[in-house]
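Visitor: Fit chain L to the known structure of chain U by using the hints.
Number of protein chains: 2
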Amino acid sequence: MNMHDISEATEITPSGRIDRADHGWRAKCLQRLVRMQLPVPRSFAISADTVRMIAQGRRVHPDALRDVFAGSGLVSVRPSAVMPDWGGPGTILNVGINDSLHERLVGLIGQDNADAIYLAFVQSYATHIARLDPDMFTQDGPNALAEALRCYRDEMDAPFPQDPAEQLAEVLRSMARAWDGPTARLLRQAKGAPPDAPLGLVVQEMALALGPGLCGSGTIQFIDPVTGAPRVTGRFRGQHHGATVGSGAETLFLTSDERGPSLQDTAPEIFADLVRFGIAARERLREEMQIEFVVTEGRISVIDATRVTRSSRASVRIAVSLARDGVIPHDEALMRVEPRALADLLHHQVDPRVPRKLIARGIDASPGAATGRIVFSAAAAQSAHARGEACVLVRRETVPEDIRGMHASVAVLTERGGTTSHAAVIARGLGLPCIVGATGLAIDARARTLRAGDQLLHEGDEITIDGSSGEVLAGAATLLPPALDDAFTQLLDWAAEAGGLDVRANADTPEDAITARRFHAKGIGLCRTEHMFFDAERLPAMREMIFADSPEDRRLSLERILPMQRKDFTRLFEIMAGLPVTIRLFDPPLHEFLPHDRDGLRELAESLDLPLSHVTRRVEALTEFNPMLGMRGVRLGITVPEIYDMQARAIFEATVEASRKGDPVVPEIMIPLVSAMREVELVKTRIDAVAAAVRNEMRADFTFRLGVMVETPRAALRAGDIAAHSAFLSFGTNDLTQMTYGLSRDDAGRFMGTYVGQGVYAEDPFHVLDQDGVGELLLTGVRRARQQKPSITLSVCGEHGGNPESIAFCHAADIDYVSCSPFRVPVARLAAAQSAIRSRMACDSE
Amino acid sequence: MNMHDISEATEITPSGRIDRADHGWRAKCLQRLVRMQLPVPRSFAISADTVRMIAQGRRVHPDALRDVFAGSGLVSVRPSAVMPDWGGPGTILNVGINDSLHERLVGLIGQDNADAIYLAFVQSYATHIARLDPDMFTQDGPNALAEALRCYRDEMDAPFPQDPAEQLAEVLRSMARAWDGPTARLLRQAKGAPPDAPLGLVVQEMALALGPGLCGSGTIQFIDPVTGAPRVTGRFRGQHHGATVGSGAETLFLTSDERGPSLQDTAPEIFADLVRFGIAARERLREEMQIEFVVTEGRISVIDATRVTRSSRASVRIAVSLARDGVIPHDEALMRVEPRALADLLHHQVDPRVPRKLIARGIDASPGAATGRIVFSAAAAQSAHARGEACVLVRRETVPEDIRGMHASVAVLTERGGTTSHAAVIARGLGLPCIVGATGLAIDARARTLRAGDQLLHEGDEITIDGSSGEVLAGAATLLPPALDDAFTQLLDWAAEAGGLDVRANADTPEDAITARRFHAKGIGLCRTEHMFFDAERLPAMREMIFADSPEDRRLSLERILPMQRKDFTRLFEIMAGLPVTIRLFDPPLHEFLPHDRDGLRELAESLDLPLSHVTRRVEALTEFNPMLGMRGVRLGITVPEIYDMQARAIFEATVEASRKGDPVVPEIMIPLVSAMREVELVKTRIDAVAAAVRNEMRADFTFRLGVMVETPRAALRAGDIAAHSAFLSFGTNDLTQMTYGLSRDDAGRFMGTYVGQGVYAEDPFHVLDQDGVGELLLTGVRRARQQKPSITLSVCGEHGGNPESIAFCHAADIDYVSCSPFRVPVARLAAAQSAIRSRMACDSE
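So the protein sequences, as listed, match chains U and L. Under the UniProt record's numbering, the residue at position 350 of the first sequence is numbered 350, and the numbers go up by one with no gaps. Under the UniProt record's numbering, the residue at position 671 of the second sequence is numbered 671, and the numbers go up by one with no gaps.
Everything labelled a hint here was simulated from the structure, so no lab data went into it. Each hint should be verified, as a subset may be incorrect.
[To be verified] Not everything, but these chain U residues come out facing chain L in the computed CB check (under 10 Å): (1) Gly630; (2) Ala715; (3) Arg718.
[As the list claims (entries may be wrong)] Covered by chain L, per the in silico footprint, the following chain U stretches (three or more residues, Cβ under 8 Å): (4) 634 to 644; (5) 667 to 677; (6) 733 to 743; (7) 754 to 767; (8) 772 to 778.
[Unchecked claim] Which bits of chain L does chain U cover? Going by a derived footprint, with three or more residues having C-beta under 8 Å, they are: (9) 627 to 638; (10) 739 to 745; (11) 750 to 759.
C-beta: ideal position from N, C-alpha, C; glycine also.
Pulled out of the complex, with its shape left as it was, chain U reads as follows (with noise of 0.2 Å):
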């Protein structure tokens, strides 16, 4: 013996010093359960430090475990990391087994079980702690036993050891080395843990699970792991011992309410035993635990408890309830889910218990999953909408033309483009499941076929897009429904209640309006106006007016779609009953609005009045080589500024009609692309003008809020300047990180996979903040602008406002608000939350 023997293990009492960071999780829930008095078996804890020096060559003392062999004899060795999901080396059953323990087996539970259980532990000791052939030891049938000890022998050159202490030390060598070979920790490290992760190790007496009487072995857990609704849920196999000793061929429901014979009705004390044990364990341990238990005689050994493995919305539902029962603090709840998880319970979610008919995969662009018949065109989409038909929108790739398009189809699958593209940004806000850069597709517009791999898809085809997997499948899959339920509100007033910056929606309709609000948003962060143009009643106006020679002229021309869009607004501040607004003016360049094709320049032109080759020569004279960095946003306000007055009017207006109705709205304008103080200055004197003369005209009076769009590096930098001139600053991420790269999200996708894979970029930043470049300007404008302006409303809007890690950072950078996709404000809320807990957990432990 040396000085570290008493070290080496120890026995799990109540009292006794077991600690998660030295023994390992399964150590200390087990010392829980000791001390909640469950009837666990006697049970080990190894160290890590103790693995670490077996691994390294030292042998353990055997007194330190002779006790363990006691009972039964038999004894379980199970590997016990900081973190159930780090792994470990296998399971090692049955070690005690030898001549001697056989022949007193066969006495107590006869000839068969004896010999399975000697026959399971030769062959798995000779396979994994002798390293032998696994092919050499399948025996089976009456004589297996023998065979397996001779065969050892003879590979061995020795018989099958018969010390019980020696057999453990082989085991506790074996299981120690394995923990530190290059595969464990590869695999380990994928799932978080250091390499160097230390591993504890419990060695545990077996209770047999064979023999006269109830005996057994079960799992038993206390709630649905897909819905987490309290169901009891199992299996109870008479006569198993381990995993593989025993026929088994007793399978019991666990309780009265399945179709087939139950514990509950075979052994009503013992169901009732396990159950109180489950409602004791989820209140000392926190949490939904799965119990494994051995039945021995009709006594149960309770050996191991596992946290229940469960889905998104059972992980809300467990959370809220765990919650609900005071058994954790709501704090504790929010952090319990991870935000992300959210978004599955909004839409329908393909049935993880089904299996699946993959045809193609993409980038998981929109979550939710729908069943639809393909369709090529917008149009093909609108009149299946038109006949009742759910259908699923197939493109390369999607162009502003597309909405209506989108809006008809219940999902949408692209070839092309990244998870910020056209197509995945309007999903997103429709909350339409949606797959971009599906790159394996090949679509023939006009043959009307989809290619994937050797299928041929045709229109009409039946198929599942799944937008949070990424996976197209085919024919109708199962879906299970969207889980807005009680739980989930529950936990977003509890996100609501635990502060952090608060969150808006991206909301350009009506639509998303109501849904901004059924997800308890604060408001609307962007309200993009440029969508309402291409309505086909105004449309028209607005292709006159970008013909229209003179400013008179154009302001007539958009004097039509004033009422238009001054009902738009009126609706939206309706509904929002008084929580702020920001409308961002006009944004696009002009010829999204005009036709590029023959037939549609043809109309075009009639419908003008116009010979063709002028209407060709001004379409093709304001085609843009590069439209991101074009005539768009403010610099068409101030070289068209007709259309931001037009605008301006129809906020004012809209602004003392609802007022007058309802809650007083404050609007707020926002002007997109700014890079120059100047611009700012400009369009501010001429909105202020146009507030002056419809309050004149309405004899009304209101406020405003003027802001700018930080889009371009240059406004961040000038942060400080613009200011000056400004109520808010909201931080386009989306149009940030294009310019801070040099990165068109629209071009992006064809190479983003591959660089990712490469680790070129760590992460895609149009979908995580990119902290170092985008991030670092963010910082400059956030600090600039609050210097010159304590005041100022700062905010994130864009695709990363829905993004938890880009939150935590939004936190730490003292931005007053995000604003995100309606569907993403759940996502959003809880990640503020979170990040609100994290700070003050900081604070607390300083």
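Guide: Then chain L, alone, in the frame of chain U:
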């Protein structure tokens, strides 16, 4: 009298205290003439303080100026601002005339002359001092004087003032007030003067230029204002007094070289005196002066001397000549030439002395002038060139395919685009005069006509492009040849001696490289390699590469281009003879190498032996929404690495070849469009491998330097990381400006005019580096790169490299060198020298 009287008027004597800041440039200049003992009439300087007080109502004490009337009795009053070009109120002559002086003058110079002087003053006084209606003072003929005096009395209810002191006081008051008026303020602000700039006045006794003997007035200067060559020019008008009085009939040339009567012949001693005065003035005033003089009965009076106005080329010749003669030091000669002026010397110029037939205006995109026949396509330009006809390529805008047509043209004119559009950049590189953004033109390429206002021009019509002024002229204008003379070369040599940052050239072809050397470039700072792939011999292999399905097939296609690329680089290395050559790896998106029209696609399909649909599909798939932000530069280098492999191999093989023949070559390889450090690491690994392979195969050793073009905001922010893997960083400020502003240079032309006009941007940021935004990123990049690696070479390549203000900024930013179009190298060299001299002066004065 009061305490200020002494300072009210200071007689200009050799020892009097005349200060330019107090009394203005003219008073100071006159004092210098007085010190040179030139026959300057008695003169008094009135300080700016006094003028300010006069403007505020204070009257000048008459005694202070009474003496000035002691000579002829007539005086002039001239403005004397701090700088000559700040302007000032008009000169007032003949102050002091009244009935009694008139009577005396009748006896001296005759009735008509005396009447004329009196009349001139009454008219001038009435309109400029009494502010009466000028239309009432147009009297002419025998009774004009009496009528004018009566008219004055009628209007003013008082007789014409007879006290010379009172006249003078009124004149001073009026001039002082005029300087304070809003119009005068705006005018001088336009010249760069502060709005409250001081004004001195000069009161001078007038010499009579009328009367018996040789009398008259004239100007003389000693250099040709267009060429700067030594040549006496000017006029002498006999019997001509003040601007308006006298017959002036006897106008004489000055020298006997002229075809007509001359002062040199008529009065050789007077001419000799004037030449003597001129030589003395040049030496003492350290400048080429124009002297204004009056001859009274054979006696010369020097009444004023002003700096000769001069053309760009004259400014160079004058400065060099003054310095060579030891009148001024070299540094001062360098400071006296406006760097931009040098650009005019490199090209033909429209003779400023000949009237112009203007037909349209555009943006002056590349300086110089050329006459040629209009062609509307690159093909037509090449045919014209083959026929030996000079032609001007007229396009809506140019695209890479037009480059050969541009080569074949003498000038380029485009309807669209801005200073950094494709046409502008290429034309500057080729040294071709170019006008872009001539929005007043309507090009009909099919009808082959060009409409400019009312004029319709056809293919083959002759026009002249003045790329220095942005004017399109009808027909063949008179052109001055380039002036790459001895003075120009001397100035560049001095500029090189003056130090400052180095200047390299952007050179893509052997011709560019030869030009670069001719202009003393210190190497090639940017060799763009993409144009090399448009060659008829290479394009097919390039297209084959684009359509290849495997890396191996791509490699095979590129292998056909390898020997040509190697030859490209060998030739450049040979021309540059050991000077550094920075080669930028392939940058543009692949779709630039594919046809987009139907015929081109069909041809391509045939040559590749692929179905048309396949080719069309592939071309469409490669098309991008925003090519500027797409799959180009290092992104292509990483996803299609075979291109960079081939280029690196060509560079290294050329290095070995050229080093064997001449000076050892250390090529610099530059990676474009980097936004993340990892991109550099990945490319570096492959290039190192290619280098190792070439060293091994060719059994030769060589070194090379790998660097990064910093053109995305993110690369500037991450310059620290990136520097760790780079031998040099070159800031590509064109693209950096595009991305920082979110502004495509190809599309900005459409509104840049409005933007700069309305002061939204102070200057076109593609023309003058935006110090507040792009400049901050540049400084950040410089700081972080130097911090990481103090030895790193930092440069700016791009259009800003040739802009004087931007060079001053680069100098201050501690940039090692700038690189610009070969034809801008002299401008940049001079600007760099000036920055260095200014720094030294600032140090000295500390």
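Visitor: State for each hint whether it applies.
Guide: Hint by hint, here is what the structure shows:
1. Gly630: holds, 4 Å
2. Ala715: With Cβ-Cβ at 8 Å, under 10 Å, it holds.
3. Arg718: holds, 6 Å
4. 634 to 644: Coverage by chain L holds here, the residue count being 3 at a Cβ distance below 8 Å.
5. 667 to 677: holds (count 3)
6. 733 to 743: holds (count 7)
7. 754 to 767: n = 6 at 8 Å, threshold three: holds.
8. 772 to 778: Since three or more residues must qualify, the claim that chain L covers the region 772 to 778 of chain U holds, with 5 doing so at under 8 Å.
9. 627 to 638: holds (count 7)
10. 739 to 745: It holds, with 6 qualifying residues against the three required.
11. 750 to 759: Answer holds; 6 residues pass the 8 Å Cβ test.
Of the hints listed earlier, there is not a single one the structure fails to meet.
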